[in-house]
Every structure is written in structure tokens, then in C-alpha cells.
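Engineer: Numbering of the sequence shown is given in the working numbering, commencing with residue 50 and proceeding in unit increments.
It is possible that some hints are incorrect.
Stated by the list, open to error - Dumping the calculated DSSO-like pairs for lysine-lysine here, alpha-carbon to alpha-carbon at most 30 Å:
no., residue 1, residue 2
1, LYS227, LYS244
2, LYS188, LYS142
3, LYS172, LYS188
4, LYS172, LYS142
5, LYS214, LYS244
6, LYS214, LYS227
7, LYS113, LYS172
8, LYS214, LYS188
9, LYS244, LYS188
10, LYS214, LYS172
11, LYS113, LYS227
12, LYS244, LYS172
Unchecked claim - Each pair of labels, with its calculated beta carbon distance range:
no., residue 1, residue 2, range
13, ASP144, ILE164, 52 to 58 Å
14, HIS180, GLU97, 38 to 44 Å
15, GLU178, THR96, 41 to 47 Å
16, CYS202, VAL110, 22 to 28 Å
17, HIS180, ASN106, 22 to 28 Å
18, HIS176, LEU146, 23 to 29 Å
19, VAL110, ASP169, 35 to 41 Å
20, CYS202, LEU156, 24 to 30 Å
21, LYS142, HIS102, 37 to 43 Å
22, ASP144, ASN230, 35 to 41 Å
23, HIS180, PRO154, 24 to 30 Å
24, HIS200, HIS180, 23 to 29 Å
25, ARG207, PRO185, 39 to 45 Å
26, PRO61, PHE163, 36 to 42 Å
Simulated from the structure, these hints should not be mistaken for laboratory data. As the structure is a prediction and not an experimental result, all values here were calculated from the model. Every residue gets a Cβ at the ideal spot worked out from N, C-alpha and C, and that includes glycine.
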Amino acid sequence: SVGTPHYTNAAPLNFARMHLNATLLPDRTVFISGGSGHGEDMMSAVTESEIYHPTTNTWTVAAKAQVPRLYHSVALLLPDGRVVTAGSNPARKNDELRLELFHPPYLFRGARPFIQQAPDALKYGQHIEIHTPQAPDIKWVELIRPGATTHSCDSEQRLVDLPFKHHGLCHLSVTIPKEPNLAPPGWYMLYIVNKEG
50 SVGTPHYTNA APLNFARMHL NATLLPDRTV FISGGSGHGE DMMSAVTESE
100 IYHPTTNTWT VAAKAQVPRL YHSVALLLPD GRVVTAGSNP ARKNDELRLE
150 LFHPPYLFRG ARPFIQQAPD ALKYGQHIEI HTPQAPDIKW VELIRPGATT
200 HSCDSEQRLV DLPFKHHGLC HLSVTIPKEP NLAPPGWYML YIVNKEG
């Protein structure tokens with residue numbers, strides 16, 4: 050009917066899994082890792098990771114982990130764009146202490162843009178300057194909240210798109226949202242993403 054929102058169902062994962070970790074990435078995809086087909090069963094652990102592409106509603110199978118990650122595991126985006134996976138203890142008192150690093154495909158799409166200078170602290174509604182030699186080539190400026198995963202859930206995860214304009218060869222003028230509802234107070238990582246993703 051008129052005025053009724055239409056929701057598109059997400060395509061199914063390539064591997065059935067529960068107790069997985071989902072991590073927002075700077076290129077606006079979602080990295081899925083860990084989990085198992087049945088509860089905390091090590092025999093049905095899924096070690097293949099997947100990446101969800103929301104613009105096409107598709108999944109891509111990505112790197113295979115060496116360590117099964119089940120209940121009480123985490124996957125956290127790092128400031129350099131990699132993802133660290135850690136933890137798991139389906140057999141209580143038998144904690145998994147090994148770490149693994151996932152290198153998302155965007156790390157291999159050519160030279161990466163970098164931030165030479167940006168403020169350490171931001172205020173709501175503020176206009177800031179970011180200094181980067183790649184200013185004309187920047188597609189997105191965004192804040193991503195650091196991970197805080199527990200029990201396969203990270204309710205604080207968010208990507209906040211920041212409107213910006215480039216001026217000159219090395220400067221971005223960026224606007225911070227006025228609303229704390231969009232970006233609750235706290236720590237964020239600042240990313241710039243170029244047109245190559």
C-alpha cells in the first residue's frame with residue numbers, strides 16, 4: 050500500500066552459521082567470520098569468512114581462518130583497515146589465545162590515501178580540516194566506532210558518513226554531525242576512502 054516501507058531481504062550467507070562476528074569495514078561492506086552450524090560445536094565450525102556487499106546484496110567468500118572462532122570470539126576493525134579475530138571458548142576453561150589478522154581486499158587496490166593531519170577531538174556541528182595529499186581523489190570521509198563485541202553482538206557498531214568538500218590539492222573541509230543520535234559521544238576511528246575503494 051502507499052506509504053508502506055518496502056524492505057529487501059538480504060541474500061543468504063554462503064555458509065550457515067551462528068555465533069558469528071560481523072564487522073563494518075571502511076569500504077561499506079561487512080566482514081563475517083567465525084561461528085558454527087550448530088551451537089558451540091567445534092565439528093561444525095565455519096572457518097571461511099565472507100564479505101557482504103550491501104549495494105548488490107551479494108556475498109563473497111573470503112579468506113579461510115586457521116583457528117575456529119565460536120562463542121566468546123571477537124572480530125575488530127583496526128585503525129589501519131585490517132581486522133583482528135580472537136578468542137573462542139566453546140569448551141569452558143579452554144580459552145583460545147591465538148590471534149589472526151584479516152587483510153580486506155581494499156588493502157590491495159593500489160596506493161592507499163592517508164591522513165597527514167586531523168584534529169584529535171571533535172565537537173558536534175564542528176567544521177574540521179583534514180590534510181591529505183589525495184584530497185581530490187577522496188570519495189568518503191567517515192567515522193567508525195571501535196568494536197565492543199561480546200557474545201557475538203556489537204550493538205555500538207556504526208559508520209557515520211561525514212559530508213565534505215575538497216579544496217586545493219591537500220585539504221578536505223569536513224562537517225561533523227550536529228546530532229548525538231547519529232554519533233553518540235565516545236571514541237571513533239577516522240577513515241578516508243578514495244574513489245578506488
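Engineer: All hints are to be evaluated individually against the structure, with a verdict given for each.
Structural biologist: Now the hints, each set against the structure:
1. LYS227 with LYS244: The given pair, whose Cα atoms are some 27 Å apart, holds under the 30 Å limit.
2. LYS188 with LYS142: violated (46 Å)
3. LYS172 with LYS188: holds (23 Å)
4. LYS172 with LYS142: violated (44 Å)
5. LYS214 with LYS244: Satisfied, since the Cα-Cα distance of roughly 14 Å is no more than 30 Å.
6. LYS214 with LYS227: At roughly 18 Å apart (the allowed maximum being 30 Å), LYS227 and LYS214 satisfy the hint.
7. LYS113 with LYS172: Roughly 41 Å separates the two Cα atoms, so the pair is violated.
8. LYS214 with LYS188: Holds: LYS214 and LYS188 sit about 10 Å apart, inside 30 Å.
9. LYS244 with LYS188: holds (5 Å)
10. LYS214 with LYS172: Distance of about 19 Å is within 30 Å: holds.
11. LYS113 with LYS227: Distance of about 41 Å is beyond 30 Å: violated.
12. LYS244 with LYS172: With a Cα-Cα distance of about 27 Å, the restraint between LYS244 and LYS172 holds, given a limit of 30 Å.
13. ASP144 with ILE164: 52 to 58 Å: violated (36 Å)
14. HIS180 with GLU97: 38 to 44 Å: The hinted range 38 to 44 Å holds for HIS180 and GLU97, with Cβ atoms some 40 Å apart.
15. GLU178 with THR96: 41 to 47 Å: Given range 41 to 47 Å: holds, Cβ gap about 44 Å.
16. CYS202 with VAL110: 22 to 28 Å: holds (24 Å)
17. HIS180 with ASN106: 22 to 28 Å: violated (37 Å)
18. HIS176 with LEU146: 23 to 29 Å: violated (45 Å)
19. VAL110 with ASP169: 35 to 41 Å: Since the Cβ atoms of VAL110 and ASP169 sit about 39 Å apart, the hinted range of 35 to 41 Å holds.
20. CYS202 with LEU156: 24 to 30 Å: The hinted range 24 to 30 Å holds for CYS202 and LEU156, with Cβ atoms some 27 Å apart.
21. LYS142 with HIS102: 37 to 43 Å: holds (39 Å)
22. ASP144 with ASN230: 35 to 41 Å: holds (37 Å)
23. HIS180 with PRO154: 24 to 30 Å: holds (27 Å)
24. HIS200 with HIS180: 23 to 29 Å: At roughly 40 Å between Cβ atoms, HIS180 and HIS200 fall outside 23 to 29 Å, so the hint is violated.
25. ARG207 with PRO185: 39 to 45 Å: 28 Å Cβ-Cβ, so the 39 to 45 Å window is violated.
26. PRO61 with PHE163: 36 to 42 Å: Once the Cβ atoms are compared, 37 Å apart, the range 36 to 42 Å for PHE163 and PRO61 holds.
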